Amino acid sequence: MTTAIARQGPAPRTALPFSVISADARRPLATSFVGEALMVSLDDLAALFQLAVREDALAGGVTIGYKGRTVILTAGQALASTGGRLVSLPAPPVKDGRRWLVPVEFLNRALGPIYDVRLDVRKNSRLVLVGNVRVPRVAVRQEPSGSQTRVSFAINPKTSYTISQEPGRLLVRFEADALDAVLPAFSPLPLLQSIHLSESGQTIALDVGPRFGSFRASLAAQDEGGVQLIVDLSPAAPEQAPAASRGGPPAIPVPPPPDLQPPAAQPTAGALRTIVIDAGHGGEDIGARGATGVLEKDITLALARRLKGAIESRLGVRVLLTRDADQAVPIDDRAALANNSKADLFVSLHANASARQTVSGAQIYFFSADHAADDPRKTTMPPQTLPAFGGGSRVIEMIPWEMAQLRHLGESGSLAGAVEEQCRDRVRMNPSPVLQAPLRVLAGANMPAVLVEIGFLTNPDDEQQIVSDAFQNVLSQALVDGILRYRDVVSQPRPPQGTAPGPGRQPVRRRP
Amino acid sequence: MTRGRRIALVALTLLLGTAFAVAFVVLPRWLSEPPATPSRAEPAAPPATPKIKARIFHVSEDGQHLVAIEREIPFGEGTLAQARRLVEAQLERPAPPLVSAIPEGTKLRAVHLLDTGELFVDLSREASAAHPGGTFDEILTVYSIVNAVTENLPAIRSVQILVDGREVDTLAGHVDLRRPLHRGASWILEPTPRDRANQD
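If you read the protein sequences in the order shown, they are chains A and B. Numbering of the first sequence is given in this note's numbering, commencing with residue 1 and proceeding in unit increments. Numbering of the second sequence is given in this note's numbering, commencing with residue 513 and proceeding in unit increments.
Read the hints as simulated data drawn from the structure, not as lab findings. As the structure is a computational prediction, the values presented were derived from the model and not from experiment. Idealized CB from N, CA, C, for every residue including glycine. Hints may contain errors.
To be verified - Partial list, computed: chain A residues near chain B (C-beta under 8 Å):
1) 285
2) 287
3) 291
4) 293
5) 294
6) 296
7) 331
8) 350
9) 354
10) 431
Said to hold, decoys possible - Pairwise CB distance ranges, derived in the manner of DEER restraints:
11) B/697 / A/291: 30 to 40 Å
12) B/624 / A/293: 36 to 46 Å
13) B/628 / A/35: 50 to 60 Å
Build out the structure end to end from the sequences listed, making use of the hints.
Following this line, the structure appears as structure tokens:
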């Protein structure tokens with residue numbers, strides 16, 4: 001990924017990066033201006049779209065190969081021959097040092113016709129859409145209305161969303177791969193300081209002003225399958241805003257109380273619908289073994305069933321188990337189940353082992369991308385075929401599995417932190433309670449994911465405790481509370497990919 | 513006459529004997545005296561195999577980290593040979609109270625080095641089959657090898673562990689080994705004076 005955003009030549013003027021949105025990933029694509037034309041590097045495209053780029057020095061051009069089909073570019077000509085047909089480009093390709101730059105329109109005009117899935121370039125929102133992705137258009141407008149400030153979102157096509165409140169801002173998060181967002185030119189108002197798109201690209205943040213007190217949201221149908229969401233912001237002190245129910249259908253989630261801190265357990269409506277619980281190991285793979293013969297695979301299954309019951313009864317969301325028997329489940333199938341059932345969270349349960357008996361306590365892990373960010377194979381892997389839940393398979397193009405979890409590192413870290421926070425006073429925690437490591441089962445999960453090591457089977461006290469009903473009940477409840485806690489922050493914007501933490505342990509929170 | 517002949521015979525025998533002795537014993541010994549030095553060079557004390565100092569990683573006393581132990585290991589000519597010596601040293605069982613994070617019986621089968629600075633460390637099947645499991649233990653297993661190589665040999669940027677000549681997903685179901693791993697400094701605890709005292 002870093003190769004895709006690396007800039008080598010100072011000559012062109014760097015522009016804001018685009019985001020390449022596919023069903024499974026969101027990746028940055030560096031851009032630069034050459035004159036008035038917005039250009040991208042062919043090397044970056046080669047890595048992102050599995051292209052073979054070959055320079056023809058004699059002819060002064062470049063041949064781009066994709067699955068036996070070719071696009072031919074000639075230096076100085078604003079034309080491309082794609083699959084034998086000529087298409088025009090807004091600017092000729094340019095050689096900058098050792099790399100070739102092409103106009104961003106190369107993607108839809110030249111590469112699109114020979115590419116397997118649809119390629120769409122949305123210049124205004126700096127998006128490249130690959131295949132069938134959910135990218136609704138969201139036009140945001142803002143207007144004062146009396147003592148209130150009204151923000152309207154015209155959403156097309158209709159897309160579900162959640163609104164959550166955080167100190168200093170409201171977040172409108174859409175169930176989409178990205179947003180084709182049109183944001184208003186805007187000067188700060190007493191109730192509303194700014195409107196911007198979060199770095200995750202799926203959330204529009206309203207930074208509220210010091211006088212903001214509460215908000216009210218309502219939804220109105222629009223023509224052509226779109227909807228209009230209206231968010232009215234009211235000032236804090238004197239008068240409570242009148243209901244802004246302009247004939248719209250039912251208002252969505254009740255606004256939180258005026259103090260900007262929502263209560264801990266207040267659910268963010270619709271944030272969690274499906275959770276996949278993974279009982280580690282199984283079948284011939286017994287996992288770790290305690291001194292008295294306790295097997296990790298048995299403990300994880302018992303706890304998974306218990307946790308499923310606890311989540312279903314307390315959160316009312318769907319819970320799927322990666323296994324509900326003593327059976328071997330390939331490691332890829334575990335994340336695949338979560339991906340294919342569009343799970344919102346993935347929690348893998350394990351029991352630990354150490355070469356030293358004294359090591360004890362629970363640890364919460366989330367993924368780290370230790371794997372060479374500059375590993376050449378990372379960007380040149382062939383398409384992968386994944387087993388699909390319920391039979392068949394599906395192809396994830398161009399992108400190794402790690403990338404799936406990389407998108408969620410920030411949220412996974414929050415989940416790990418929330419779980420640890422709820423566990424720490426109820427179960428024995430290891431001195432390193434939250435750790436980050438390149439764990440195989442988490443790598444492919446395309447949602448926030450953690451792996452919980454409930455204790456050390458190699459420690460006699462832990463082993464004895466782990467098998468007890470009391471411990472498993474307490475731990476299950478702590479995990480549910482951790483998930484609830486996480487749900488409160490579920491709409492926080494994600495950190496940009498480039499800041500993905502490095503290898504090793506990056507404690508989110510450590511006890512002294 | 514007979515008597516005179518007998519004396520002559522004895523005299524001749526003595527003379528021949530003396531001549532023989534001079535020709536085959538004294539003379540060669542005398543002649544060989546000057547060049548004696550080179551031929552006397554029977555293998556002198558075998559040259560001491562050169563050693564280098566290297567940091568080898570074992571499980572810390574509290575079990576929460578890896579600690580580096582400075583050890584002398586055989587010198588290897590070139591990065592690849594040195595990498596082999598390093599991994600071999602890393603696989604040796606340490607003296608108590610040190611504990612290795614690597615399953616007992618694990619042997620080094622081969623090392624391969626790519627131009628790109630990736631080292632492939634091919635371990636015997638015990639690395640996986642005899643692994644006690646557990647995420648934490650597996651992390652320490654993997655990073656004791658990765659760190660030993662990458663810390664001591666800057667030319668090696670990343671390490672991929674193979675088992676029985678094949679790429680593996682994991683050793684025991686946790687740490688992703690499908691790609692080379694970089695040095696994991698965060699798993700290392702810098703040695704305490706007590707650890708230093710334990711060094712050999």
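Do the hints match the structure? See the list:
Residue-level restraint check for residue 285 of chain A holds (minimum Cβ-Cβ distance to chain B is 6 Å; threshold 8 Å). Hint status for residue 287 of chain A: holds, given a least beta-carbon distance of 5 Å to chain B, under 8 Å. Checking residue 291 of chain A against chain B: minimum C-beta separation of about 11 Å lies over 8 Å; hint violated. Taking 8 Å as the C-beta cut-off, the interface hint given for residue 293 of chain A is violated, the closest approach to chain B being about 14 Å.
The beta carbon of residue 294 of chain A comes no nearer than 12 Å to any beta carbon in chain B, farther than 8 Å, and the hint placing it at the interface is violated. Because the beta carbon of residue 296 of chain A sits about 6 Å from the nearest beta carbon in chain B, less than 8 Å, this interface hint is met. At about 6 Å, the closest approach between the beta carbon of residue 331 of chain A and any beta carbon in chain B falls short of 8 Å, and the interface hint on this residue holds. Checking residue 350 of chain A against chain B: minimum C-beta separation of about 6 Å stays under 8 Å; hint holds.
For residue 354 of chain A, the shortest C-beta to C-beta distance to chain B is roughly 5 Å, which falls under 8 Å, so the interface hint holds. Hint on residue 431 of chain A holds. Least Cβ distance to chain B is approximately 6 Å, under the 8 Å limit. Against the hinted window of 30 to 40 Å, the Cβ-Cβ separation of residue 697 of chain B and residue 291 of chain A comes to about 33 Å, which satisfies the hint. Roughly 40 Å separates the CB atoms of residue 624 of chain B and residue 293 of chain A, a value that falls within the hinted 36 to 46 Å.
Range check, residue 628 of chain B to residue 35 of chain A: about 37 Å between beta-carbon atoms, so the 50 to 60 Å window is missed.
Hint violations for this structure: numbers 3, 4, 5, 13, all remaining hints satisfied.
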